[in-house]
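Enquirer: Residues per chain are reported as follows:
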Amino acid sequence: MAAPSSRSAPEERLVNLLVALMATDQGLTKDTILASVAGYREQSESGASKDALEKMFERDKESLRGLGVPIETIGDYADPDDLREARYRVPNDEYALPEDISFTPAELAVLAVAGGVWSERSLSAEARSGLRKIRALGNDVDEPILGFSPRLSVRTPAFAPLQRAMEQSRVVSFPYLKPGEERPLLRRVRPLALVDYESRWHVFGFDIDQDAERTFLLSRIVGDVTITRETFDAALRDGAGDRAVAGLNEVAARQQALLEVNPGTEASLRLRRRAQPAEQGILVPYVDAQVLADELASYGPEVRVVEPAALRDEVIRRLQATVDLHADHDGEHA
Amino acid sequence: MSAARPLHATERAALILQLVPYLLGKGEVSVAEAADEFEVTADQMRDMVQKLTVIGRPGDGGYWQLPGDLFDIDWDLLDERDLIVITHSVGLERSPRLTAREAAALLAGLQLAATLPGVGDQGVVQSLLAKLARGAASAPADVIVAPGPVDDVRVTVAEALREGVAVSFTYQAPDAAPTTRTVDPVKVHIADGQWYLQGWCHMRQAMRTFHLDRVSDVALTGIPIAHGGEPVPDLFEPGAGEVAARVRYPHQIAPLLGDYLARADIVAEGDRDTATMRVADEQSLKRLAARLGGEVEVLAPAGARRATAAWAAAGLAQYR
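Protein sequence lines, in the order shown, are assigned to chains A and B.
Using my numbering, the first residue of the first sequence is number 220, and each one after it goes up by one.
Using my numbering, the first residue of the second sequence is number 36, and each one after it goes up by one.
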């Protein structure tokens, strides 16, 4: 057998704590844990202060909860706030995947595709970790689905803190730069859903100052997302994703750009896919005038905006700025 | 796979919780196979398995644990044959629930996977959505992927891929005359909502990438795939004989240039960056510059700079 190390690694202590909390029905008091669970016990015996050990225990509990471990605190019934005599346990059924969940071979093959879509490293690791837990159930797998490489990208740092705030039902604040405005405005929002719509990430939530639900483009969050201490009712999140998508669909149905496109061009190919024919040209639905103006400007002379006027002006502004920036025809010596 | 990186204690603990049910399910598994599944090195895997043997229930008297209170493994098999077998377990036998974040990451991936023609019918997807929600430790944050339209072109290309036959279509590249192509499909990529087909082009006698928005008149052929096994380049990998380009832009808009900057050399001067990169087609630069109107300046090649000015001027002339 390998020589026992004198000081155990923190992950050993964490897992020992979990095993102890799962092995008990009535729960263990903090004192019992510190005196008997390997990792704490040695440090108790070698004279570590009770205060330090208790802090370590609090941190370890948070770490385990962060891993999704449901740690129950059974308090004093007479005084629920008095935690001196509290007992801790982990109910096995809430810890483990439900025993009646199993996955068919076809489902596992599709899940394998789903687990591979994230380009961003930490989300990719989360997906693959979830997949490992499911594979450990030992269900049979179909032949892998080959030939498809679907990818989801997250290019903005706002995504992770927004997701964390949603999980904890906490209000966030962030500087948001609306197009056409000089300076960003600090928005205070209860974040309810992250939505990839037309391949752009949006956060849907309740804007506290506007007193209404709003959808924000993550690319226009121009500074740090701050997670505040203020919480909100998690029930607000119910069905939020569907509401957000329905809202965006509704905007797209309401906003239509009337465009003339030259046949056989890139603009014609790309725009006609999502357009309705109109008497003069085609009608293209859109959710964000700035995003559509970017695309239309890229087509140069292949497309002309008939209306709305605001969209036309945005396209003209981009084309004019491009002309101005390249006017000298002499970039190499600029 | 991502090479093994140093892990935090909590991450290592998370792996141990997944490792026990995995090993019990396997019965006997090689260190190499287990290391592969957990994306760690063989040494890290051996270390994790050895550490298991100091984990267990607290001893009954509150003091030292007896052997039966700890996990145990077959040491001879591990030392001599690099095989892992758990011979005694004291808990953790069942797979842990998914964390909210693991479930959210898989649920979002599933929504994208569900848009692939022929991958998982609606029944499979609905059943998976329900199972993932039920298997999560707490309610995952809503991370929604709204599906884009899936048209005949996408359905037919996916069918060709499944059937293993070539597909023929008209391809209209930007700033070029349309061509008729016959292609052995190898892979369908979806990136930023755009669909691409990679395959062996019978006309060019080489692997090529086709943007599916530029494909029309698509049809399955009866020609079995002959070049499916050839190596496929990365989606945006620059190949040989391409154009060296240089652009300048304010540093903060770099994310908007996306894949253009994937392999660029970037030099910062104040708050502006100058990127030198290879592009497939210098004509694409005028479209990039106009899209980010006034933010991106094309410096080189000179022809692309002139083309950019002319492109924007011609667009503008429509409104005069």
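Calculated directly from the structure, the hints in this document are not laboratory data.
For glycine and all other residues, C-beta sits at the position ideal for the given N, C-alpha and C.
Watch out, some of these pointers could steer you wrong.
Chain B regions said to be covered by chain A (calculated; three or more residues, Cβ under 8 Å) [stated by the list, open to error]:
id, segment
1, 46-60
2, 108-121
3, 125-133
4, 169-175
5, 226-236
6, 296-306
7, 313-319
Enquirer: Against the earlier hints, flag every one the structure doesn't satisfy and list their numbers going up.
Expert: 2, 6 and 7
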